[in-house]
Amino acid sequence: MNALYALFAVVVLVLLAFLGVSAAGLQVVFGVIVPYAAVSVFLIGIVYRVLKWATIPVPFRITTVCGQQKSLPWIKSSPLESPPNGLWTAARMALEVLAFRSLFRNTSISLASDDKAPGGKRIVYSANFFLWLGAIAFHYCFLVILLRHFRFFTEPVVFFVPLVQVLDGFFQVGAPVVYMTGLIILGALGYLLFRRFANPQVRYISLAADYFPLFLLLGIVISGILMRYFLKVDVVKAKELTMGLIGFHPVVPDGIGSLFYIHLFLVSALVVYFPFSKLMHMGGVFLSPTRNLSNDSRARRHVNPWNYPVHVHTYEEWEEEYRDKIEAAGIPLDKG
Amino acid sequence: MYDGGKIVAGLVLFLALVTSPIWYNVVTGKAEYKPEPKIVTQEKECVAPKAWMTAMHMTLLNDWRDSVVREGNREYVAANGKAYNMSLQNTCMQCHPNKAEFCDRCHNYASVKPYCWDCHVEPKEKK
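Those sequence lines, one after another, are chains A and B.
Numbered continuously in the working numbering, the first sequence closes out at residue 336.
Numbered continuously in the working numbering, the second sequence closes out at residue 127.
Hint data in this document are derived by calculation from the structure and do not stem from the laboratory.
These numbers come from a predicted model, not from an experiment.
Check each hint, because a few of them may be wrong.
[Claimed, not checked] In silico DSSO-like cross-links for lysine-lysine, where the CA-CA straight-line distance does not exceed 30 Å:
1. Lys44/B / Lys82/B
2. Lys99/B / Lys237/A
3. Lys30/B / Lys113/B
4. Lys6/B / Lys52/A
5. Lys34/B / Lys82/B
6. Lys232/A / Lys38/B
7. Lys38/B / Lys50/B
8. Lys6/B / Lys237/A
9. Lys113/B / Lys237/A
10. Lys99/B / Lys50/B
11. Lys82/B / Lys232/A
12. Lys82/B / Lys99/B
13. Lys34/B / Lys124/B
14. Lys38/B / Lys99/B
15. Lys232/A / Lys34/B
16. Lys325/A / Lys335/A
17. Lys6/B / Lys30/B
18. Lys38/B / Lys82/B
19. Lys50/B / Lys237/A
20. Lys113/B / Lys50/B
21. Lys6/B / Lys278/A
22. Lys30/B / Lys232/A
23. Lys44/B / Lys237/A
24. Lys34/B / Lys44/B
25. Lys38/B / Lys113/B
26. Lys34/B / Lys50/B
27. Lys124/B / Lys113/B
28. Lys34/B / Lys237/A
29. Lys237/A / Lys52/A
30. Lys6/B / Lys44/B
31. Lys121/A / Lys6/B
32. Lys232/A / Lys6/B
33. Lys44/B / Lys124/B
34. Lys335/A / Lys82/B
35. Lys38/B / Lys335/A
36. Lys113/B / Lys232/A
37. Lys50/B / Lys6/B
Could you put together the complete structure from these sequences and hints?
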């Protein structure tokens, strides 16, 4: 049901853009106003959320670790799993951000037959790399596709675009050349969606907010592939529109094709949705205190900075205060 | 704010990357450039209508390549019944010999690098 809500939302977005452009002629709305508004919401939203996170105090080290902490020299430590200083923390963060190391530890649980176990079955945990594979394939393809799109936002086209295009279209299949990232990202998104349906545990915890980005991204990728290989839009006019947006002198050329506006509207929707959703893990991964702190709680003393001075009345002071009374009552004193 | 310096630096870097195309085009100053491919021929029509050719010429050339090289078939009958010789050199470039002013204008604008000239002889033009 959650998946249907999400799919329905994406279908409504597609229809909105299609009807808005082809029936109502709202090219200016979908080509200029919506993208400007969407990017503004994106930038302000991300800055707002990151600054809001930044105001939350983190006085103590709450690192989640999965390895031996650095302690005595003869105990072997694993600094990457339990980073003792900033440098190792940076290395751990880099591996997480660039290689998705935590997903690499994903396990799958299954029941295996075992005559000795009660009930004839026992739980078996095994490594499951598919989540990691799907996630890393998706993210890197998305990056490459984003870099390729710089051809629409720079004039003359910035130097790295042709390099990326040559590598991405390495196999020179067809004309226009087939980009492998387009195919891989479809496969990766397809798997990430399939996983939410196929695995009962994952399906149980999947919300509409988990399906929506997947359907939205699939919509963006499919509309992009249709534009490039099948239904075609006027690329030169599309770039005139995007360059108009970039240069703040918006123009809406005639005859780009409504598919372009569908693609642009879905991207705008993604960009608006970004700061309000789980997609904020882009900024959040850098700001998660269980990962970006070094585990030096025992090596260094961390004092809570908002500790106020507490008036302490020690036993020694108390004994001094009532010395005569204690002596009179014959009770032994610490300081004779 | 804890590590405020690092967080603000990260945010500034993020904003700089997202808005980088704006600064790039401010520096180059070519945001309003529009490519205008120059047609030099006296012929009135191409092998297909202009709008279709704009969108599909790469597919047509790819089909012609396959037809000629793999099937040995050089005859193309256009939608209006007229027959053409499938040849980049002898048909396309009869009307469009000006690669730099015709092909390259849009291709450079949209960063398209077709590999036609890996096999075909590139027309020599005055630069």
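Numbers of unmet hints, in rising order:
5, 8, 17, 29, 30, 31, 32, 34, 35 and 37
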